[in-house]
Amino acid sequence: MSDPIVSVRDISWRAGTTAVLDRIRLDVRPGEFVAVMGRNGAGKSTLLDIIAGLRAPTTGDVLLDSRALSEQPSHERARLVAHLPQTIRTDLSIRAEALVLMGRYVHATGWFESADDRAIAAEAMRRCHCVQFRDRIVSTLSGGERQRVLLAACFAQRPRVLLLDEPATFLDLDQQLECFTLLREEAGQGMACLAVTHDVNLAAAFCSRLIVLAERSVAFDVDAATALESPEWLHAISPRLDVHPAPNGRRWVGYR
Amino acid sequence: MISETDRRARTWISVSIVVFVAAALLLPFVGPTRLDYHNVWRRQDPDWSIVSHLRLSRTLLALIGGGALAVAGSLFQSMLRDALATPYTLGVSTGASLGAVISIALNWHVAVGIGGVWAGAFVGAAFVLLIVMSAARRERQLSVSGLLLAGIAINSVCGALILLVHGLTGMSQSFAISRWLIGGLDAIEFSTLGLYAAIVGPLTVAVIAQARQWNLLAVGEAWAATRGASVSRSLVKGYLAGSVLAAATVALTGPIGFVGLVVPHLLRSRLGGDDRIVMPCAFFFGGVLLASCDALGRVLLAPAEVPAGAITAFIGGPHLVWLVRRGTLR
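Residue numbers (our numbering), protein chains in the order written: chain A, 1 to 256; chain B, 1001 to 1330.
Worth flagging that the hints you see were computed from the coordinates, not collected in a lab.
Quantities reported herein were computed from a predicted structural model and do not represent experimental measurements.
Glycine is no exception: its CB is placed at the ideal position from the N, C-alpha and C atoms.
Some hints here could point you the wrong way.
Unchecked claim - Computed beta-carbon distance windows for the label pairs:
hint: 1; chain 1: A; residue 1: 75; chain 2: B; residue 2: 1206; range: 14 to 20 Å
hint: 2; chain 1: A; residue 1: 140; chain 2: B; residue 2: 1237; range: 46 to 52 Å
hint: 3; chain 1: A; residue 1: 140; chain 2: B; residue 2: 1041; range: 50 to 56 Å
Full structure from sequences and hints, please.
If you want it as structure tokens, here you go:
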């Protein structure tokens, strides 16, 4: 088994006097597609932010590619990790392509991005089904269209770790499936993906590993392939969830 | 291969440079006194020195000053992601004004080798910057709404103090203060202009050179940080640079704030939000706008002069409202 690319070492994080995360430990290896789940306020986004270097943990540290995160300047970190935010400001007056090209910030050296950078951005936009928005002003895009452009910017960054804070937000069902298929492909090629999501069925179908945060720590850490055979982890998300047999012979999560 | 953005940028920046140079060459000839062009050509006084000394220094001051204020305005708008962020709303300019007014009131003509008004403006701006930044700093992060609120609060305190100082001074200082507060341009010594250009020039270039970082920050601080920019360092550098640009300019021209708000907005509505294009154009067009307004002010009600600050507000204000109304500005 390969060495972990992300290694979370006893992370705690408090907001004022409230402990949000308490001594979290977590290793993620290249090729893993991890769904981070849990109720509102469980600390999912906080955990992603800490791994992305956006928040400093109160105690503990994160190793990225075996180096302490706190010792890596942001331009080195950005070559390893891309972060898809939950949302960005919606009134941006730049073209969608310019937003995607921002993913090339650490790679591009010139005043304007090179032809190579633009080719990489175009490829990322094609994969995220947003080439057709290339010349649209970001503020005129719908929520789902914008989300695809943001994902393309993360791909254009060519990272080794993708941190996705609710990547399926605003996406229609077809695009949610496309998005998770794409992320599974990326993981298949050696990317480590961590995605915060509330959709247990998407997570169980596409991810390789499911993590449920509850009570300030990792309450469940299960293999997605067998997750629906022992559904205790579901009850940490909601007591009203249950596993049912689907008509196609697979199992799926239904509501009570 | 040149991309579309690249070509657009080159066209706009070239056009703005051409207009800038044309303004520098032509505007000195605009004024209330009818010039004898033969005398100018043969370098004979008084016509030659009116053009080469009085009007040229004044035009250059307007060109550089308007440019500096417009660049500082676009910088603050990108950094704070707020349409209203300018050296004015952040209190820096009013702080500089207070400093300048105090030095006029105390008759400090020369302090530490440079003009007393200039020194006063810098101290005032630095003081306000310090207060606003420490008020808005929480958990090692600067909060945007905190900066704007603190800026507006400090703005009104400084405004009140200016009134107070103004009221307490004698007749002659009081006249000088009102004259300064109107925000007009005047002929200045070429040595002062040189010093001013030596501060503003490199600083403007340094700010524009970081345009890719301002673009990232305009999307969001988290976005910028995870794309690889060093956010805190950029923000501190940006505040310092923008404040020095504003303070140095306000010290020489008085408070002519509108350029910093209106020029970046007009450009963004036409060119989009890429600071690599907006910032250089803001410098050149900002300068041209202020210099043209100043030239217009010289002839509009001649022999009386309408201050350039008033003309910019008369032209820029309605235009801005019209753009908002039309929905081109968001």
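Right, here's what the structure says about each hint:
1. A:75 - B:1206: 14 to 20 Å: holds (19 Å)
2. A:140 - B:1237: 46 to 52 Å: violated (33 Å)
3. A:140 - B:1041: 50 to 56 Å: Cβ of residue 140 of chain A to Cβ of residue 1041 of chain B: about 55 Å, so the range 50 to 56 Å holds.
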